[in-house]
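Take the sequences, apply the hints, and build the full model.
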Amino acid sequence: MAKVLVCGWDTQADGLAPGVEETLTLGRKLAAALGAELGLVVLGSAPPDAARVAGRHGASTLETLADPKLAAGGSDARVEALAQLCQAHAPRALLMPQTFDARLVAPRVAGRLGVPIVMNGIDVDVENGALRVTATAYGGDTHALYEIAGDGTALVCVSTTALRAEPAPEPRTPVVEEFPVDLRTVTERIRVLEPAKTEGPRLEEANTIVAGGRGLGAAEHFAWIEQLAEALGGMAGASRPLVDDGWVDASRQVGLTGRITRPALYIAVGISGASQHMAGCSAAKTIVAINRDADAAIFRHARYGIVGDCHEILPELIRAARAHRAGGS
Amino acid sequence: MRIVVCVKEVLDPDAVNSFAVAGRLTIGEDGTSLTQSAIPRLMNGYDEQALEAALRLRDAGASGTIAVVSIGADPANILRHAAALGADEITHVAADPADRADRAGLDGHATAALLVAWIRSTGGADLVLCGRQASDDDQGVVPALIGEQLGVPVVTIARALALEAGGDAVRVTRVTPDGDEVVLAPLPAVVTISSELGTPRYPTAARKLQARRAKPAVVTLDALGVAAAAGAPRVRLLRQWVPALHGHCELLAGAPAEAADALVARLIQDGAI
Ligand SMILES: Cc1cc2nc3c(=O)[nH]c(=O)nc-3n(C[C@H](O)[C@H](O)[C@H](O)COP(=O)(O)OP(=O)(O)OC[C@H]3O[C@@H](n4cnc5c(N)ncnc54)[C@H](O)[C@@H]3O)c2cc1C
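Each protein sequence line maps, in turn, to chains H and B. For reference, each letter of the first sequence is one residue, going 1036 to 1364 in the numbering used here. For reference, each letter of the second sequence is one residue, going 23 to 295 in the numbering used here.
Each hint should be verified, as a subset may be incorrect.
[What the hints assert, rightly or not] Short, incomplete list of chain H residues facing chain B, as computed with Cβ under 10 Å:
| id | residue |
| --- | --- |
| 1 | G1070 |
| 2 | D1136 |
| 3 | R1143 |
| 4 | V1153 |
| 5 | T1177 |
| 6 | E1234 |
| 7 | L1238 |
| 8 | G1308 |
| 9 | G1340 |
| 10 | L1349 |
| 11 | I1353 |
Just so you know, the hints here were simulated from the structure itself, not pulled from any lab data. Each residue gets a CB set at the ideal place from its N, CA and C atoms; glycine is no exception.
Have a look at this one:
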């Protein structure tokens, strides 16, 4: 039986990588359209809830690829492991959430196997037997429909922010297997001299984000963004120009090429709402826009808006937020 | 040392954004490409930063050539810009004439295959620099495909790079979600550059003038010995459209203090704070 595989290797101690369930939802749709079986693949040892998650989304198999070389996190091992998996199963499609690592590993696997790949996928379908992938382009200003020729394996990286995970109507109990990878010949060519170290919480996990843009006017005004974020118990983010100009660190950048966030509340101050920025925050449950231009694109995404000068509004908003925090208002 | 920088001509993304916001972004009759007569074309921003990275390596003492290559309908302008910035060689790999600048006619594999064939035909490269992605299709797969086809390591999303003393490795600072990571990759290698590298330089007036006369070398598929089939796309753009956006924003009016209080009240009421 034909297979559709979903791979999530960015495993965290307490569960699967964010986006795996949304990707499984797309995978199930594709498997149904192809009359194929859905399987979940985990690089490294599977977290305890992997089988339950796989079953909830209708996967009939959960495969783990365990090898100490995979645990080290190098991309040469990951590419080789996924290439071996694809060669063994010849799946019609291998889908993965588009994490930072997947952006490198997925196209390399495609290159190694000489198979087609589409990034930024938001939907998949089958038409006359051919795989079709809808992806964002121009940061999201447009959507593009790609058709993949042939019936070999195709790789799709899924941009999961705008997708909703929907469990299968009938959960299954997946067969749990270990896929025998052989990584004896793999020696990582790239040596990590200084590993990245997260300092403090990450924007990706923040429940509330207050983000500032070029409309702040001056680097020192970012202090207001930090104060408002603190008053709301959230984190401060920024649009790319603030990073480009060195006002804030790159770790603050929200967007297509920065952090892809999913907070409950996102307050955008002096941000125009360019598609590339929205790609990193449009999944927020509530978006608030503060901008002096009533026609700014950000208002089309926002639930609440204030049209006005942020230099006048921010101090008042900080006051009101602090009052709420203190139990007043 | 031979540094190859791969560049792509794209529609100015800021202009595309402005058209989108104004609701004037439209798709042409072919159903796949943007109506682009009013939108300027320029070198993909990350590719310009990849060239900047190459120039910085030279400023830091690297000897050898910087060769800039582009595939596309007519990338002469961006190649001349590259020459004005300091590229030693500029080359246009002329693929299928049906290949428009948005590359509807060439997929990532075909693009990488042509670039690799050209790189090989010129004696190889010690370092291939590319932008992390193109701002039109945002796919960002070509650098990794080049790396696999050449069988060399790929390092993505760099903000800084430096050659090691012996010239046989490159030290790269990557921007990761967990902060900066510094890695060492043996050469030859492919490195992709991100915006965190910083603003690229401007060409001097004299260089600009000089580069106006620069003619890119034009290389055809025949000359590369690449069969036309290698350029046949397996990922084909069928349609492109502008997604509809249904906003329902409630504007909070009044003096700043009033509007701020009203907003906080709404957020409390919604349970958002
Ligand atoms: C390939 C690519 C990738 C990109 N990736 C990202 C990304 O990851 N993240 C990102 O953010 N951008 C990204 N960008 C850039 C993006 O296209 C926009 O240029 C950027 O988001 C604009 O930032 P901004 O809204 O802060 O600035 P602007 O667009 O300049 O907007 C400033 C806003 O502030 C308002 N304003 C001005 N003064 C005031 C005031 N006193 N009070 C209130 N409002 C005021 C203005 O009305 C305006 O709407 C990318 C671009 C490309 C091409």
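Against the structure, the hints:
1. G1070: With Cβ-Cβ at 22 Å, over 10 Å, it is violated.
2. D1136: With a minimum Cβ separation of about 9 Å from chain B (threshold 10 Å), the hint on H/D1136 holds.
3. R1143: 5 Å, holds
4. V1153: This interface hint holds because 6 Å falls under the 10 Å limit.
5. T1177: 5 Å, holds
6. E1234: Holds, because the Cβ-Cβ distance from H/E1234 to chain B comes to roughly 7 Å (cut-off 10 Å).
7. L1238: This interface hint holds because 9 Å falls under the 10 Å limit.
8. G1308: 8 Å, holds
9. G1340: For H/G1340, the interface hint holds, since the closest Cβ of chain B sits about 5 Å away, which is under 10 Å.
10. L1349: 9 Å, holds
11. I1353: 8 Å, holds
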